[in-house]
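Please build the complex by placing chain A on the supplied structure of chain U, with the hints as guidance.
There are 2 protein chains.
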Amino acid sequence: MSAEERVRAAVRDRREEVNAAIDEQLPVQRPEQLYEASRYLLDAGGKRLRPTVLLLVAEALTDVEPFEHPYRAFPDLGDEPVDVMSAAVSIEVIQSFTLIHDDIMDDDDLRRGVPSVHREYDVETAILAGDTLYSKAFEFMLETDAPPERQVRALDELATTCTEICEGQAFDVGFESRGDVTTDEYLEMVELKTAVLYAAAAAIPAVLLGADDEVVEALHGYGLDIGCAFQIQDDVLDLTTPSEKLGKQRGSDLVEGKRTVISLHARDNGVDVDGLVDVDDPEEVTEEAIDAAVAELRESGSIDYAREMAQDLVASGKRRLEHLPENEARSLLCDVADFLIEREY
Amino acid sequence: MSAEERVRAAVRDRREEVNAAIDEQLPVQRPEQLYEASRYLLDAGGKRLRPTVLLLVAEALTDVEPFEHPYRAFPDLGDEPVDVMSAAVSIEVIQSFTLIHDDIMDDDDLRRGVPSVHREYDVETAILAGDTLYSKAFEFMLETDAPPERQVRALDELATTCTEICEGQAFDVGFESRGDVTTDEYLEMVELKTAVLYAAAAAIPAVLLGADDEVVEALHGYGLDIGCAFQIQDDVLDLTTPSEKLGKQRGSDLVEGKRTVISLHARDNGVDVDGLVDVDDPEEVTEEAIDAAVAELRESGSIDYAREMAQDLVASGKRRLEHLPENEARSLLCDVADFLIEREY
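Protein chains in written order, with UniProt numbering: chain U, 1 to 345; chain A, 1 to 345.
Derived from the structure by calculation, the hints contain no laboratory data.
Keep in mind that a hint or two might mislead.
Repeated chains share a single entry, so a pair holds when one copy, or any two copies, can fit it.
Calculated pairs, SDA-like style, for lysine to any residue (alpha carbon to alpha carbon, straight line, at most 25 Å) [to be verified]:
1. K248 - D304
2. K318 - P81
3. K248 - D43
4. K245 - R39
Pulled out of the complex, with its shape left as it was, chain U reads as follows (with noise of 0.2 Å):
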């Protein structure tokens, strides 16, 4: 199996575990259409990525074998119980919150091939039902059942997280003004906005179940490195996979105009990227057009920066696994970093 497949199957095996977690913790009570809206995106997909993360490195640390012990009642370095599928429910949902918001924000139709929670229900809901999301994912990180002083340290991670989220966000909206932004100020954007999610979810659970400080650490930077790995290669398969597979039109970063590590190395490299793609109408674009702009950036060496970059931080992040005990566990964290890159959509 490749890396890509063991992923997929551990994300499948955990999956309607965690579905059902969300269910428990988060049913459709009064006032229903609030939950409702609350539950949609939660409801419509996902991959769960980041809980089978948070549940792996949770085995991982405690070198025990999947599924060997129930998420609800987990032991922790000390043969404590500890509920990490709280924790897990929690992850994921701060995610829906923050794309609940940035919908609206961005107006975007769709998500996850269904209405985006404005679109289906409005936008003052659409607010609310983030809002919710946002409160229940404190309230889910305190019903964890570890000692109080782990459960103050998981709150100021998920708190801290959260306001980088948003930090993240407004560097992404305030670069779309400017044409002067750094590869440094861009990769500080990705790490606020995309990566601390991950590193959270890596960091948490080796908080609740009690691990040392360098380990806390350590799990917390392969976090940032996958998340950051994660959308420098986004950035490239934008670039690099056919429409049909990418399921939008590929380039559509270039014909926006946005910026990403590609396009930034370009622009310092001489690459006119403003011009690259330069057509009034979004919708008009040939896909000669985009060849020829990818070809570019190509000669640039622009894709091939970014992907060694992806890879760099894959590697990194790998490295820092070695805190943990060698068991399967480990080996599916090392499979999802490899996963981020290798994945061609």
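Relative to the frame of chain U, chain A by itself:
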């Protein structure tokens, strides 16, 4: 001095310190526009009534003179220092977050005499500023230095409170399209939307300072009682205070068809509440039409009914304070309760 004067003095005496604490904990940092927007309403004013309640509870509970101890290192019941100011800032920040998002939902142009955040900036920035304040409030509640088990309880109260505020707002929105709202449903909505934050402001310092469950419970009840009384009194004042004092059109709730304890009582007693002020253009309503409507609501006993309900709640709230030692701060908390229904606008 009247209760109102004493409360205004108590608030004034603490306002500068609360503002300085907000400055300290929520500086305008990168990304600047996000933090400027987050600070915008906080800087525009606000009575700081909730943080004042929180600080007064700390003083009343530990039986010290007002200002005897610095709020940043306030001796708990075992004489260990707790930063109750950070908890006060947390509550004020939550209040500010809810105002920002509510103004988007209600499309209100003005707040505290200045443009609402989504008018001064834009909807995207306002959503994000609210989201940032949300997680910052949790960060601040984690900076009290209280023992971990108390922090966990305080965080839990905060998270639950936020969920309830969202539920209250959802009920409020849902009521607009329903003619059969009951008084009990309305009171449940008020409790969730408005009163729970007063309850958190009163109960959380008790949790952080190590009070008994019974005392925490009583203070929670005090907050709920005065919060509900506050809203019901608001509904009364909307009818009985001259427009120039109110700062908005008197009777605006009637004109807009908003349900209140008063209109629900009138409806249940045979008054055609929707026909009370029957104008096509809210701008065209005359003082005479409002006078006639108010006279009919007096006639049906609806205004007295609401006034008595508010008075009963205030009396109940004050009784709950008997769980605290008798001192100046407790007496000020009684004044806060009285002030909420004695005020004329």
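Evaluation of the provided hints:
{"no.": "1", "hint": "K248 - D304", "result": "within (22 Å within a copy, 63 Å between copies)"}
{"no.": "2", "hint": "K318 - P81", "result": "neither (28 Å within a copy, 43 Å between copies)"}
{"no.": "3", "hint": "K248 - D43", "result": "within (22 Å within a copy, 44 Å between copies)"}
{"no.": "4", "hint": "K245 - R39", "result": "neither (28 Å within a copy, 44 Å between copies)"}
Of the numbered hints stated above, those contradicted by the structure are hints 2, 4, listed in ascending order.
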